[in-house]
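Novice: Which chain is which? The protein sequence lines are A and B, in order.
The numbering used here puts the first sequence at residues 199 to 543.
The numbering used here puts the second sequence at residues 11 to 335.
Derived by calculation from the structure, the hints in this document are not laboratory data.
Just so it is clear, CB atoms sit at the ideal spot from N, CA and C, and this is done for glycine as well.
Keep in mind that a hint or two might mislead.
[To be verified] Using 35 angstroms as the maximum straight-line C-alpha spacing, the simulated DSBU-like pairs for lysine-lysine come out as follows:
#, chain 1, residue 1, chain 2, residue 2
1, B, LYS223, A, LYS323
2, B, LYS60, A, LYS403
3, B, LYS223, A, LYS278
4, B, LYS60, B, LYS223
5, B, LYS223, A, LYS207
6, A, LYS290, A, LYS330
7, A, LYS318, B, LYS60
8, A, LYS280, A, LYS290
9, A, LYS403, A, LYS330
10, A, LYS280, B, LYS223
11, A, LYS308, B, LYS60
12, B, LYS223, A, LYS308
13, A, LYS323, A, LYS281
14, B, LYS60, B, LYS135
15, B, LYS223, A, LYS282
16, A, LYS399, B, LYS223
17, A, LYS290, B, LYS223
18, B, LYS135, A, LYS281
19, A, LYS318, B, LYS223
20, B, LYS135, A, LYS330
21, A, LYS207, B, LYS135
[Unchecked claim] Now the in silico label distances, taken between C-beta atoms and shown as ranges:
#, chain 1, residue 1, chain 2, residue 2, range
22, B, ASP236, A, ASP439, 38 to 46 angstroms
23, A, PRO483, B, ILE162, 38 to 46 angstroms
24, A, GLU400, B, GLY215, 40 to 48 angstroms
25, B, TYR57, A, GLU404, 33 to 41 angstroms
26, B, PHE237, A, GLN259, 19 to 27 angstroms
[What the hints assert, rightly or not] Stretches of chain A that chain B covers, calculated by requiring three or more beta carbons in the stretch to come under 8 angstroms of a beta carbon on chain B:
#, stretch
27, 276-289
28, 299-305
29, 314-323
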Amino acid sequence: MPDPILSIKDLAVEFNTEDGVVRAVDGVTYDVYPGEVLGIVGESGSGKSVSTMALLGLIPQPPGRIPRGEAIFSGRDLLKMKKKQLRDVRGKDMAMVFQDPMTSLNPVLKVGHQLGEAVKTHFPKRGADEIKEQVVRLMRTVGIPNVERRYEQYPHEFSGGMRQRAMIAMAIANDPSLLIADEPTTALDVTIQAQILEVLKEAQKETHAAIILITHDLGLIAELADRVLVMYAGKIVEQGDVFTIFSSPRHPYTIGLMDSLPRLTAEEKWLQPIPGQPPSLINRPPGCPFHPRCFLSQGRARCREEEPPLRSIADGHLTACHFGEELEGRISKQMEAALAEGAAT
Amino acid sequence: MPETQSGPTPVAAAAAGGGLLAPPAGDVAESLYEHGLEVRARSQWAYARKRFLRHRLAVASLIVVTAIFLCGVFANFIAPHSYSAIDLNYLYHAPTVKSAHYFGTDALGRDYFSRVVYGIRTSAKVGLVVALLSTVIGMFVGGIAGYFGGWIDNILMRITDLVLTLPLLPLLLTAAALLGQGNEWRVTLILAFVFWTNLARIVRGSFLSLREKEYVEAAKAAGAGDFRIMFRHMLPNSLGPIVVNGTLTVGTAILVEAALSFLGFGIQPPTPALGALVTEGQDNPQAWWLTVFPGLTLVLIVLCVNFVGDGLRDALDPTQRRVRA
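Isolated chain A, as found in the complex:
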């Protein structure tokens, strides 16, 4: 395997609140390799966004705090960088696509100028004509039609999908080597989601950037990701390549996530949610954070007492479950159905 471009070790992010310290991210370790798409899935509040915001220095401090961890990005620790150095990295080597394109574009700046701004920030000496040319090219890359006209328009004249295209254009403006897409399609309707996926793929082809794709949409992961991290309560509970995760998950939470998707292939009256709620991040349950909701842990003292480490269960496949082996051969009903369908066609 090539060297990772981003290597995160034991990253933790905490927030001081009136009720106590919220440990939003609690010791997360992973690598991102050049050119790959790394999907991070998890429920709301599992720490998937916060862990990447920390990389870009976008955690407001206070109340946020990064008590430990390192994030080596092309040889330098992002978490120890000075503000100025970090600013040079942001938007140039590492860029971000935000969740809501409706609010992430400045309403008083013309879209073309706003994209130019992203270039000018890092190349202040570049001439106006050159920047405009570059912006027009970017807008074409992400599939914005009528570029000449769109260039002079304001964000409110763009539809949601077009705005997200513009956001992606802004993110890839300076040829980043890492692109963080934080729920890039959540705010869009389903038909537009598919288009944006295509744009993301296209953008990756163009820039060869690695993508960290943060989402709670397993469909998106299946479509785009090469490797998957499953996060729960600020920790990674399972990690592996996308086929492994979907076809032989070894953590009960992953299976629960997949089972809770609506199934269109079978007659099913009710959704199958994971019982219970995510734990409070202020008072974590002892032992495995997932044990109160887990179908494997029932009656097992070990799950309540001992926190399972993230361990290797197969080549390149990690799980944080004491009894992951018992899930051998157990796949989600979703997958079963899909495979049956796949076999039939």
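Starting from the known structure of chain A, fit chain B onto it as the hints suggest.
Specialist: Relative to chain A, chain B alone:
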């Protein structure tokens, strides 16, 4: 896992219920442009302009105040006499068309129309420069306080509060007395020093809320520095209140300058200033023209400026959608 890779994307089909890859539908929507079906979209400023132009009083006021200010600018062409020329044939003379003393003359026989026109020049200069200077100061102080927050905010806002609590007139009188009088620039600087506080508070409040906007975070993530974010991304978003406040400051500054000059602490003779001109009528109540003409001019200017400010406020307030008749 041979089965998993058999179909093209069974995984995706399972997870999203299939059909993720629909053909892009953008072209259909875009083709509407070509057929002219699109509603012409306007920028925020286009809407503001439209709303302002509907506000008849404001538009009329803008025309009047522009005309008055232009009189001041071109005073040397408009005034029939020099503001200090003495005409001994007409001492204390009521308005007359003879010898072109339209507003009469004062005790020394100086043409009052010319003096008022030059007075407009002085007052307009003071008003506009004070508005400009105080806007710049207020923008910086309020912007930095609102953007950075924390102790910087605290220090800057306490200074603002301090300036705000100073009683205006005594302060101005003292400052004028200490710094010496007469020079219009000195008066301008003193006024600017007092008037920036309002705007600082407005800009601070606006920046405090803009700071939390997602596009500001997006700009940060794109690597923009603090000052770039402040001036490129946040300032244009708070331009509305800044423009309104700046306009109203012009009126206030002209009034306060007139008050100072009236009291004899502002601009000194022979430079004509509207406030000082009003004073001259005090000595001789029979010579009504000495008070009425500069006074009326003053009232007209300030009134119009305030109407323009009102119109701008209505036009720039995005929550105001009421259509004016």
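Novice: Look at each hint and say if it fits the structure.
Specialist: Now the hints, each set against the structure:
1. Restraint check: the Cα-Cα separation between LYS223(B) and LYS323(A) comes to about 28 angstroms, which is no more than 35 angstroms; the hinted pair holds.
2. At roughly 45 angstroms between alpha-carbon atoms, LYS60(B) and LYS403(A) are farther apart than 35 angstroms, so this suggested pair is violated.
3. Distance hint between LYS223(B) and LYS278(A) is fulfilled; the C-alpha atoms sit about 26 angstroms from each other, no more than 35 angstroms.
4. About 27 angstroms separates the Cα atoms of LYS60(B) and LYS223(B), which keeps this hinted pair within 35 angstroms; it holds.
5. A C-alpha spacing of about 31 angstroms is found between LYS223(B) and LYS207(A), which places the hinted pair at or below 35 angstroms, so the restraint holds.
6. At most 35 angstroms may separate the alpha-carbon atoms for a hinted pair to count; LYS290(A) and LYS330(A) meet this at roughly 18 angstroms.
7. Restraint check for LYS318(A) and LYS60(B): satisfied, since their Cα atoms lie roughly 33 angstroms apart, inside the 35 angstroms limit.
8. Distance check on the hinted pair: LYS280(A) and LYS290(A) sit about 16 angstroms apart at the alpha-carbon level, within 35 angstroms; holds.
9. Our distance criterion of 35 angstroms between C-alpha atoms is met by LYS403(A) and LYS330(A), whose separation comes to about 22 angstroms.
10. The suggested pairing of LYS280(A) with LYS223(B) holds, with an alpha-carbon distance near 24 angstroms, which does not exceed 35 angstroms.
11. With a CA separation close to 19 angstroms, the supplied pair LYS308(A) and LYS60(B) stays within the 35 angstroms bound.
12. A distance of roughly 17 angstroms separates the Cα atoms of LYS223(B) and LYS308(A); the hinted pair therefore holds under the 35 angstroms criterion.
13. For the hint pairing LYS323(A) with LYS281(A), the CA-to-CA distance comes to about 22 angstroms; that is within 35 angstroms, so the pair holds.
14. Distance restraint check for LYS60(B) and LYS135(B): the Cα-Cα separation of roughly 29 angstroms lies within the 35 angstroms cut-off, and the hinted pair is therefore satisfied.
15. For the hint linking LYS223(B) to LYS282(A), the alpha-carbon distance of about 22 angstroms falls within 35 angstroms, and the restraint holds.
16. At roughly 28 angstroms between alpha-carbon atoms, LYS399(A) and LYS223(B) fall within 35 angstroms of each other, so this suggested pair holds.
17. A hinted pair counts as satisfied when its Cα atoms are at most 35 angstroms apart, and LYS290(A) with LYS223(B) qualifies at roughly 22 angstroms.
18. Distance restraint check for LYS135(B) and LYS281(A): the Cα-Cα separation of roughly 44 angstroms exceeds the 35 angstroms cut-off, and the hinted pair is therefore not satisfied.
19. The hinted pair formed by LYS318(A) and LYS223(B) meets the criterion: a straight-line CA distance of about 21 angstroms does not exceed 35 angstroms.
20. For the hint pairing LYS135(B) with LYS330(A), the CA-to-CA distance comes to about 40 angstroms; that exceeds 35 angstroms, so the pair is violated.
21. Our distance criterion of 35 angstroms between C-alpha atoms is broken by LYS207(A) and LYS135(B), whose separation comes to about 63 angstroms.
22. Taking the beta carbon of each, ASP236(B) and ASP439(A) are about 41 angstroms apart, inside 38 to 46 angstroms as hinted.
23. Distance hint for PRO483(A) and ILE162(B): a CB-CB separation of about 42 angstroms, consistent with the stated range 38 to 46 angstroms.
24. At about 43 angstroms, the CB distance of GLU400(A) to GLY215(B) agrees with the hint of 40 to 48 angstroms.
25. Taking 33 to 41 angstroms as the suggested C-beta distance range, the pair TYR57(B) and GLU404(A) conforms, at roughly 37 angstroms.
26. At about 20 angstroms, the beta-carbon gap between PHE237(B) and GLN259(A) stays in the expected band of 19 to 27 angstroms.
27. Requiring three or more residues with a Cβ within less than 8 angstroms of a Cβ of chain B, the coverage given for the stretch 276-289 of chain A holds, as 5 such residues are present.
28. Note: the stretch 299-305 of chain A has 5 residues with beta-carbon separation from chain B under 8 angstroms; the three-residue rule is met and the coverage holds.
29. Coverage of a stretch by a chain is defined here by at least three residues with a beta carbon nearer than 8 angstroms to that chain's beta carbons; for the stretch 314-323 of chain A and chain B the count is 4, and the condition holds.
Consistency with the previously given hints fails for numbers 2, 18, 20, 21, ordered from lowest to highest.
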